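Asker: Dock chains B and C against the given chain A, drawing on the hints supplied.
Protein chains in written order, with the numbering used here: chain A, 1 to 314; chain B, 1 to 305; chain C, 1 to 244.
Mixed in with the good hints, there may be bad ones.
Okay, derived cross-link-like pairs now, DSS-like style, lysine-lysine, Cα gap no bigger than 30 angstroms in a straight line [claimed, not checked]: (1) Lys108/A with Lys244/C; (2) Lys249/B with Lys259/B; (3) Lys3/B with Lys241/C; (4) Lys108/A with Lys249/B; (5) Lys119/A with Lys62/A; (6) Lys197/B with Lys249/B.
What the hints contain is simulated information worked out from the structure, not anything from laboratory work.
As the structure is a computational prediction, the values presented were derived from the model and not from experiment.
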Amino acid sequence: MEEYVIKTENLTKIYGHLFWKKKTPSLDNLNLEIPQGTIFGFLGPNGAGKTTTIRLLMDLIKPTGGAAWVLGRPTDDVRVKQRIGYLPDGPAFSPYLKANEFLMICAKLLKIPSRDRKKRIAEVLEIVKMSEHANSKLGGFSRGMTQRIGIAQAILNKPELLILDEPLIGLDPQGRLDLMNIIEMQKEAGTNVFFCSHILSDVERICDRVGILCRGHLLCCGILSDMLSETGFRAVIHPGHDVLMQQLMADATGSTRLPDGGWDLAFASSEKVKGIISSYLEKNPESIACFPIRESLEDYFFRMVAQAGHQEQQ
Amino acid sequence: MKKSLFTHLLVMALAIFVGWKLAISLHNLQGDTLKSKKMLSNAPMGGFQKFVSDIEWMQFINYLGGLKTIDDQNKDEVIKRLQKILDYDPNFSKAYHMGALTISNASPQKAVELLTRACENEQLKDNWRIPFLAGFIQMHYYGDKPDYAGAQSFFRKAIERSGGKPEDYVVNCYLRAQARADNITNSKLGMLKVLYKEWKRSNGEGMGMTEQSVVPNLMERLIAAAREAKVSAPNDQEVISLVNEVSSKLLVDKHLCPKCLAPLAPGDKYCSTCGTKVQVYGTCSKCQAVLKGRYCSVCGFDNGN
Amino acid sequence: MNEVMAIAGSTWRRILRMKVVYFLLLCVFVLISSAINYDVLSLQENKPLMIDVSLVLNTLAVVLVVIAMTFEIPRELREGVAATLLTKPLGRTQYLVGKCIGSIITAVVISVLITIGFFVIFWLSFGESVVQSLLEAHLLVAASAIPMSAIAVLFSVLLPEMITPILTAIALWFAFSTSRILDSGVGKYFYGGVLPDLDLFNFKSFSMVSAGWPYFALVVIWGIVFSVFALSLASLIFRFKDIK
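In isolation and in its complexed conformation, chain A is listed as follows (with noise of 0.2 angstroms):
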């Protein structure tokens, strides 16, 4: 098995790059090693450059510069798109095919066994709980339909790798907790995730592993709870320890009673706090528990591209 699903080597996109037009560099060099069994989130602002190496991975457009692998080969090796699965940002098909003659389509063209192509159509739309569309025409389909049959159209080959472009636009609520399960199946089956959203919330919740591009450039990459800096603690104090309570509660920033008598105090990073906390816990073991509170990956993201704004107007 490949070390990185995904592997990138100074990989360089520059729009126009024809003489006569106006050059729009999209990425620059970018490394990029994602390892086998993640779920990795690809993350940055509008025009960052995340769709172009989305399609410089499914070798859809050229690079400039650089090289990409994908589960080791080369991305413009053919037989390695029988091993992906990938949706694309806003997917448009055949308006005047049915759904499952798309789907039959694309099980020809990911060279499925005859014998097993209806079988897994109807698994897949099961799935994506379209079943009882399968003989309606594309063309009449919603957004959110569209995006279903999509998600389909991905993973009908048991992909090993999923890359989806934006898969959670289009979708309601129950869509994105429909998509949002999915890739978690996907992932227990042993399919890695690589995906894209601006929807921080959702990658936050099911990715191990993110990336921020801004400008074409990577700003940063790694395990997300790595990434994500601790910015104080959390101390459940237990019911009958009003002593500590109030040794404490100053120095809160923020409180809340629990329903059992107890109390939830926020603190800020601060050594005197977990002081009083280790001498009381050394005396009464049971009395407090502690959570560290990291930032949010929102908060990590705007502070990410804030620093690297600001590094290019230096």
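Answerer: Same frame as chain A, but now just chains B and C:
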């Protein structure tokens, strides 16, 4: 990538070469099959020449219907339209017929020119009416200067194209044209002279190379012509001289009356037409009965083959 | 091959599902039938007229299908349909070949329907059955879809969307006159290999000479060889093109 690019270029080069060779062969093959293709107009018509010709034809009919006559004022327009039709469809035989007839009065030379072009069209090589019409126009529509020699040539062509069974009037026109070309005015004698000349030509007598006669049933026509000439002018020395020459050369074993050239039946002692005593033939050498075969049916004598 | 036929299938399904196609077929049959009424206007030339109308409409139908392809490929590229397909294990060459084959099959099907309709109408009008030369002429029109479709695919890839249909139509028009360059110096080396001669498929004539089945087979082979060239060139351009 480089290997794939090389393969692409190789396949392209191969396809260009093979396509070029094959196209040239097909072009030649098509040219051999559609011999009239070289007569087509050069205007780019997207392959719709034939259809455009049909449309032009219907417009031409419509245009002609609006004319009272074709004269010097409108003949150029008529010719131009006709030319267009035939440029787009050189095989349009009806256009040749009708068009030539239409302009034969106003511009007979142009009519003959169009028909000559049609005669050169290999695709119309079995059409005898076209050369016949050309000859007819040359004989009758050229005013004071009919072109009998040209007409004769066209009539000959018409007979050759008739597949061995030309119409009588075509043959007669040919013979008449030949007679006129030779300045022969007496029609009966002229016909005999022409037929005799035709026979001599087909037998290579004093005419250079032997040329097969196009006149069907030449011998029967010769006999009939000789008979008619003799009947019409029995005292004309020229007629008598020619008839005698023809008889002595061609009609010796034809069992004809020496005087009136009527056919004699086996056993006849006198001509049934003019009563002249004739030499008997076809009878038994023993009992003089008319023979029906080798052995006499009356006396059984073996008369040999 | 399965992949190519999958793409071809989606193409012909699209065109054959358009109701306007059947309406146009009906119009074609009506126009062919109406030729019988032109006996007076054409001085009894209505029979060859009917044949010519049939051949012309057959050709136009094939050209229309081919022109439809010049709309199809740019539209699929623009709307992202092509992108969805090309992210499957489908080479760009296979995509183009599939489109070309789809166009050819559609054009041939429509042409054959027109041919059958014509022979039925001809038999009903004049009591004459199928003549080999007439059949060959119609089948040659159907076969001309092969190089025409390749030209359409090449132009779709080469030219901007707005002008592709017009230039394709113009190219097809002038492709019937390519044999004129045989008289030129250097031009004759481009004949047939680079520049197609669609007139090789043109046996429209009432005083018809039969092309012969060997000629038919050879001209189909030439059509395929030329298509190989055109599709190779299209593929060479397409492989370096960014798919939006």
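Asker: Need the list of violated hint numbers for this structure, in ascending order.
Answerer: 4 and 5
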